[in-house]
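Q: Going down the list, the protein sequences come from chains A and B.
Note that our numbering gives residue 326 to position 155 of the first sequence, counting from 1, and the numbers run on in steps of one.
Note that our numbering gives residue 333 to position 162 of the second sequence, counting from 1, and the numbers run on in steps of one.
Just so you know, the hints here were simulated from the structure itself, not pulled from any lab data.
Honestly, I wouldn't trust all of these hints.
Derived DSBU-like pairs (lysine-lysine); straight-line CA-CA distance at most 35 Å [what the hints assert, rightly or not]:
1. Lys-475(B) x Lys-248(A)
2. Lys-475(A) x Lys-177(B)
3. Lys-311(B) x Lys-177(A)
4. Lys-475(A) x Lys-311(B)
5. Lys-177(A) x Lys-475(A)
6. Lys-364(B) x Lys-248(B)
7. Lys-248(B) x Lys-311(B)
8. Lys-364(A) x Lys-177(B)
There are 2 protein chains.
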Amino acid sequence: MPELRKDPVVGRWVIIATDRARRPSDWNGGPPAESPGGACPFCPGNERFTPPEVLATREGGTGANGPGWSTRVVSNKFPALQVEGGLDRRGEGMYDRMNGVGAHEVIIESPDHFAELSELSLAEIERVLRVYRDRILDLKNDTRFRYILVFKNHGEAAGASLAHGHTQLIATPIIPNVVAEELEGSLQHYRRKERCVFCDMVEQELEDGSRLVTQNEEFVSFEPFAPRLPFETWLLPRRHVSSFEETDPAALPALAAVLQETLRRLHRALNRPPYNFLIHSAPCAEARVPHYHWHMEIMPKLTKVAGFEWGTGFYINSTPPEEAAAYLRSVDPWPSASASRS
Amino acid sequence: MPELRKDPVVGRWVIIATDRARRPSDWNGGPPAESPGGACPFCPGNERFTPPEVLATREGGTGANGPGWSTRVVSNKFPALQVEGGLDRRGEGMYDRMNGVGAHEVIIESPDHFAELSELSLAEIERVLRVYRDRILDLKNDTRFRYILVFKNHGEAAGASLAHGHTQLIATPIIPNVVAEELEGSLQHYRRKERCVFCDMVEQELEDGSRLVTQNEEFVSFEPFAPRLPFETWLLPRRHVSSFEETDPAALPALAAVLQETLRRLHRALNRPPYNFLIHSAPCAEARVPHYHWHMEIMPKLTKVAGFEWGTGFYINSTPPEEAAAYLRSVDPWPSASASRS
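Same shape as in the complex, but just chain A (with noise of 0.2 Å):
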């Protein structure tokens, strides 16, 4: 059973995953090797060999995990929480833990093996985040989960074990420390100016323009004003959703289309890089709050992160975001006829 544990100086919790560990001695001389011997379990034929799937969009007359999906939801065959028992919270003299009780699954964008997301079609790109959205309202039933987390690793370099385009979804029993600070700040700036702190950058940063990567009616992309990394990209929506599960339905092919023109931006400038992006939403029991505004921050790894930025949270970028942003807007995301918009 994986375990939660609790620092007990900073209050930041850890998952211990004992159930994919490796025995301490095999760390001496490498990560091990990917397994050997070569089907995708993320391509149409071999669904065999995932977990069965929680959900599917499937074509008519077709039936669970066999071929003819679009977009396909698996559990985790490696799963860094469990979703069985209760949690069990304990302490151990000044030290806290609870059972590692979570959902973590894995959304397979399309039966294209070679496609990343932002080359899918822009309905494709809308099918993946209606049921990144589906997904969130249903593990919200469940009342042990205080936080859900949509990710995606892109890219060996950026953690990514599987090639085939996918996204992950982490239900946890507590909030992750980066979002409580979020939460506390915003709340901090709403009690000052009784205004959304994202609200009010978002405007600043339509007005000033220089930071702007694109844009339409619904949604917003900028390189943020103190970004971490070389090209750290955000994404919001324009008017105050405080949970990416509340989002009009009406508006996903908007956010599809900022998206998808964000992220091809982004590999036209930066040659295809590896890349993370993470959605930012508020908690399970506080989805429509007047101080949160949901966001999806997008990470190209191009640096190696050194131990001391992520260790005191002091991130030293030599790329300013004026010159990113002004290089992205510069490129062309469409550079040939066959990659079409639409």
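Could you slot chain B onto chain A? The hints should help.
A: Chain B alone, transformed into the frame defined by chain A:
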């Protein structure tokens, strides 16, 4: 001039180090090649390739910026912060920024190009620790600096750009986020209990024993209860001392001994991994407080940290600290006669 910028939501400062900048389009094609053509600027005889020395421990009769030194401190040739000028704090709408004023120094640990810190003799390691202390005490005279961070990147994967053993020091006009969180968390503990949370932790770890790596009368190293990474290791003074520079010089040999043995156990167990260490110490103005306790965090670089993890502060660690500690205790840190203890 580099610039410090503050994130308006969580208050995190970042350094926008424009002086080290590449043009944005340089990212399209991977990182630039290392500077070509050979001579190590940290080796004796090559002193002209570094900025002039700030401090050196030298044989009698040798002059500054030539051979004859045993430990040598120079300004970083590509500093993240710049020592001249005022802070010039200013706003830009909702955003805050100031000049990137600070010091960025390199401590060249020994003339030996190939020696890793724990391969030096105890007397040599003690000398390096004394140089850390001397530089901190000197930089504290500059009242623009609020925090002085000593850290080490060892190995390319941990962010080191030169192989010759060295430590870095950055003096900043702000307190890094992670340190601010530790100060806040430890102050809360002190207010509730009138005890230092780190002193409590040292006591529980010594009593429990399952996570201990090594100890002597003055210092102890252990795997923390809630480690972010496999084999994350902390080293603390057993007695309450808030800041590194307040360490009694008479205790430095004991610190050198625990640091040497801890690093050697990690090297032996993990096949000489790349690693980072950071000294977490009280801010300049609060060098003696009852709630904060300086410590060193050592992090072997064994896994790819996915953006997910440093983007949420929520880590998935596949190696329980009790297993890591048992393995570290089981290896022989002095495997051959040539690796003498002192």
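Q: A separate judgement is required for each hint: does it hold in the structure or not?
A: Okay, the hints, checked on the actual structure:
1. Using a Cα cut-off of 35 Å, the hinted pair Lys-475(B) and Lys-248(A) holds, with the two alpha carbons roughly 19 Å apart.
2. Between Lys-475(A) and Lys-177(B) the alpha-carbon distance is near 22 Å, which keeps this suggested pair within the 35 Å criterion.
3. Distance restraint check for Lys-311(B) and Lys-177(A): the Cα-Cα separation of roughly 34 Å lies within the 35 Å cut-off, and the hinted pair is therefore satisfied.
4. Distance hint between Lys-475(A) and Lys-311(B) is fulfilled; the C-alpha atoms sit about 30 Å from each other, no more than 35 Å.
5. Restraint check: the Cα-Cα separation between Lys-177(A) and Lys-475(A) comes to about 27 Å, which is no more than 35 Å; the hinted pair holds.
6. With a C-alpha separation of about 46 Å, the suggested pair Lys-364(B) and Lys-248(B) falls outside the 35 Å cut-off, and the hint is violated.
7. A hinted pair counts as satisfied when its Cα atoms are at most 35 Å apart, and Lys-248(B) with Lys-311(B) qualifies at roughly 22 Å.
8. For the suggested pair Lys-364(A) and Lys-177(B), the alpha carbons sit about 18 Å apart, so the restraint of at most 35 Å is met.
Hint check: a violation occurs at hint 6 only; the rest are consistent with the structure.
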